[in-house]
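There are 2 protein chains.
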Amino acid sequence: MVRRAAIVGAGQTRFGALDAGPRELLRTAVAQAFASVDRGADRASVDSAFLATLGFGGWQIGNSAAVLAEESGVAGVPTTRVENACASGGFALRAAVDAVGSGSAELVLVAGVEKMTDIPNARRRYWLGVSGDTEWERLAGLTFAGVYGLIASRYLAEHHLGPEALTAVAVKNHENGALNPNAHFRKVVKAEEVAAAPRVADPLGLYDCCPVSDGAAALLVAPAEHARRFTDAPVYVEGVGAASDYLAVQERADLTRFAASRRAADQAFRSGALERSAVSFLEVHDCFTIGELLALEDLGFAPPGEAARMTLAGETRRDARLPVNPDGGLKAKGHPIGATGVGQAYEAFCQLRGSAGARQVPGAERALAHNVGGAGATATVTIFGVG
Amino acid sequence: MVRRAAIVGAGQTRFGALDAGPRELLRTAVAQAFASVDRGADRASVDSAFLATLGFGGWQIGNSAAVLAEESGVAGVPTTRVENACASGGFALRAAVDAVGSGSAELVLVAGVEKMTDIPNARRRYWLGVSGDTEWERLAGLTFAGVYGLIASRYLAEHHLGPEALTAVAVKNHENGALNPNAHFRKVVKAEEVAAAPRVADPLGLYDCCPVSDGAAALLVAPAEHARRFTDAPVYVEGVGAASDYLAVQERADLTRFAASRRAADQAFRSGALERSAVSFLEVHDCFTIGELLALEDLGFAPPGEAARMTLAGETRRDARLPVNPDGGLKAKGHPIGATGVGQAYEAFCQLRGSAGARQVPGAERALAHNVGGAGATATVTIFGVG
Chain R
1 MVRRAAIVGA
11 GQTRFGALDA
21 GPRELLRTAV
31 AQAFASVDRG
41 ADRASVDSAF
51 LATLGFGGWQ
61 IGNSAAVLAE
71 ESGVAGVPTT
81 RVENACASGG
91 FALRAAVDAV
101 GSGSAELVLV
111 AGVEKMTDIP
121 NARRRYWLGV
131 SGDTEWERLA
141 GLTFAGVYGL
151 IASRYLAEHH
161 LGPEALTAVA
171 VKNHENGALN
181 PNAHFRKVVK
191 AEEVAAAPRV
201 ADPLGLYDCC
211 PVSDGAAALL
221 VAPAEHARRF
231 TDAPVYVEGV
241 GAASDYLAVQ
251 ERADLTRFAA
261 SRRAADQAFR
271 SGALERSAVS
281 FLEVHDCFTI
291 GELLALEDLG
301 FAPPGEAARM
311 TLAGETRRDA
321 RLPVNPDGGL
331 KAKGHPIGAT
341 GVGQAYEAFC
351 QLRGSAGARQ
361 VPGAERALAH
371 NVGGAGATAT
381 VTIFGVG
Chain X
1 MVRRAAIVGA
11 GQTRFGALDA
21 GPRELLRTAV
31 AQAFASVDRG
41 ADRASVDSAF
51 LATLGFGGWQ
61 IGNSAAVLAE
71 ESGVAGVPTT
81 RVENACASGG
91 FALRAAVDAV
101 GSGSAELVLV
111 AGVEKMTDIP
121 NARRRYWLGV
131 SGDTEWERLA
141 GLTFAGVYGL
151 IASRYLAEHH
161 LGPEALTAVA
171 VKNHENGALN
181 PNAHFRKVVK
191 AEEVAAAPRV
201 ADPLGLYDCC
211 PVSDGAAALL
221 VAPAEHARRF
231 TDAPVYVEGV
241 GAASDYLAVQ
251 ERADLTRFAA
261 SRRAADQAFR
271 SGALERSAVS
281 FLEVHDCFTI
291 GELLALEDLG
301 FAPPGEAARM
311 TLAGETRRDA
321 RLPVNPDGGL
331 KAKGHPIGAT
341 GVGQAYEAFC
351 QLRGSAGARQ
361 VPGAERALAH
371 NVGGAGATAT
381 VTIFGVG
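Just so you know, the protein sequences line up as chains R and X, in that order.
Residue 4 in the numbering used here sits at position 4 of the first sequence, with consecutive numbering throughout.
Residue 104 in the numbering used here sits at position 104 of the second sequence, with consecutive numbering throughout.
FYI, nobody ran anything at the bench for these hints, they're computed from the structure.
Among these hints, one or two may not hold up.
[As the list claims (entries may be wrong)] Among chain X residues calculated to face chain R with C-beta under 7 Å, some are: (1) Val-130; (2) Gly-141; (3) Ala-145; (4) Ala-243.
Using N, Cα and C, we set each Cβ at its ideal position, and we do this for glycine too.
Work out the full structure: start from the sequences and follow the hints.
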C-alpha cells in the first residue's frame, strides 16, 4: 500500500425495524459521521464516495450512488455503488482505502444502507435469495438459513458436539447487544430460551438467526499522513484483505471452512505485517451463530473445533481474553445488509477511541472486522489500530 | 496518482441479440482478454477483479462478483461488483486503476456484462427505469427516452436548429457500426430513413435511440511500470475523472449541459496534464443521438450549439478531424449496460494498437472514453494513450 488510510469520522443509525426510509437513514448516518470529526471536514472537502447497498429502497430506487451523493450533500462528487451481497460494506471500505492509497482522493465518504422492513416478504426473500447460488441452491428451495443449517450440522457432527456452543454465541451476543443503544435487540436471552425456540433450519433455531433490520452507517476516510488535520484520535486501517470462493457450497472442498475468509485474513495480516496476538477484539459475520464459530477458526484464532470450546469457556465474552462482537454482532445488533460491514468499522472506530460506553472493551488497541457475502462466497477482513 | 495503470489485454463479444447467457458472455470476453496478452498473464496472476453489471441475468442471479470470479477461472480472487447504472463500466475501470495505483493489486481483471434480451419487457423496463429518478420522473411516467427527448427539444430550441444534426449522428454512427464486426447494427442508414422512422419521444425517433443489447467486455489492467512484462504494446491510462449530479433533471441548473460530464472531463484532463488538442478520437455515451452532441460540448470539444454544426459539417466522421464513436457508439455498436463502458476501453485498446481493422482511425494516438449513468447523474471520463 503506497499511502495508508485512516478513519477520521464515523456515524451509525440505530439498527432495527425503523420508521425512516433509506434516504433519511443515509442522511442521519452521514450527518453523524461529519459531526464526529473534530475539524476540517465539511461536505466540500469530500472528493470521492462509495455506497454499499443490496436493494436500496427495495429495488424501487436505482442509481443509488447518485442518491447517496445528493442526500449526503455532496452532489457532484464521484460516487460508486459497490454491491457484494452482505459483504458490500467491507468491499466499499476496501475501495475507499484504494482511492486514498492511489492518491486519487483525499477525503472519502463511505456509506452503507438498507431498508428491509416495510417491503413485501416475497420481494425481500427474492432479493436476499439471489445472493446465494441460484441454479443449484435457490431454485431447489435452499435458503440461507438452510445452507447455514447444513454447515452447522456438519460442524457439530465433525467435532462430536451438541448445539450448546451455538446457543452460547446467541446468549453472549444478546448480552452485548443489550448494552448497545444502536442494537436491534437490546434484550438478554437465556440458554434455555434459545434452546426452546422454534427451529428454523435444524440445528439452527430462531435465536441462532440474525434479524431483518433497517439501518445505515457512514465513515470518513483520509490518508493516514493527513489524519490529524481532522482529528486527534484517528483510527488507522492497518491491514486489508479480501477474497472470493465458489458461490454454490457444493463446489467447495470443505463445508465447515470458508476459504474466502481464510484468504482474506491471511492477506490482511500480511499487508499489515501483524500477528493474530496483536488483535484486541473481533467483529465477525455472525448472520447465523455457526458463522461466528467458523469465523474464529477461518480467521486463525482457533484450530478446527476449538471455537466451540473457547465460546463455551466464555473466552469470547466482552470482558474476556478475545472479545467477539462486542456490539452484539449481526445476531443482536442487526444486519441491514449494505450497512453491516460499514457498521463493523463504526464499532472499531468507537471502541478504539474508547467511546463505546457500556459495551467498551477494556484497553482495546486493535480491532479486526470480518464481513461475508453469500454463504462464504466473498469476504473482507480489515484490521484497525490506533497507531 | 502514485502508480499509473495500463491496459495489457482486452476482449469483447459481439453486442446484439445473442443466444448466449450472461455466464457464457463473461467467459468469452475474459478468454479473449487473456488471449490478447502477449505473455505472462495467466489466471493465477490476477489478484483483483471488478465486475460491472446492472441486472446480471435479469436480476435472477445475484452475488455476481462471485459468479465473475468463478466463470473467469479466478475463483478465490477478491472480486467487487460496481453498479452505477449505464456508467458501471467506467466506474469499474476507475476502481481498477485505483487498485493498481494504491499498490494493492498487480494484475486486475475488469469485466462488464449484460443480458438484456430474452427477459420479459416489463422486468427489463423496470430495472432500467429505476436508474432514473423514481419520485419525480419514473412514477410520473417519464422514461429515459422521454428525458432525452425533453433535453433534445430544449437543445434544438436554444440553438434554433432542426433535427438534422441528430439525424447526422445516427447516420455517422451506423456508418461506423457497419465496419465493426462486433456491432449490434452493421447496417448503413440514410438520413431520409432516420427522419421518416416512427417517433419515440419527439424529436427522437427510432434511429435516435440505442438498441437493447446483450454483450460482455473485459480488460486486464496492470501497473504502467510493469506493462511491458505482458505486452509490447500497452495502452496507458493517462487520465481518469468522474463526477455525479442530481438524479432528477428538475434539480439541475441547465437542461442541456451535464455537469457530471463536464467535471469528469476537467478532472481527467487535469489528472493527466493533457490538452483537448492531444486527443485523436472520442468514444462518447450516445444512448440517444442528442447525447453525442451534449458530450462534445460538455467534454470541452465544442462550445454550446457548436456540436451540431461540427456534426453536420462531417468533422466527427471516422476519417475527419475529430472522429467520434468510430466503433458505432451505443447507437450502432449497442448498449449492454454494464459492458458499455468496458467496451469503450476495448475500442481504445484496439484503435491505439492499430488493430481496429476496417474502422481504424488513421494515426490514433490518444483516445477519450465517456460513460454516463442515468440521464447525466454520474459520469466517468478516461483518457488512454500509447505513451
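**Asked** Can you list which hints this structure breaks, lowest number first?
**Response** 2, 3
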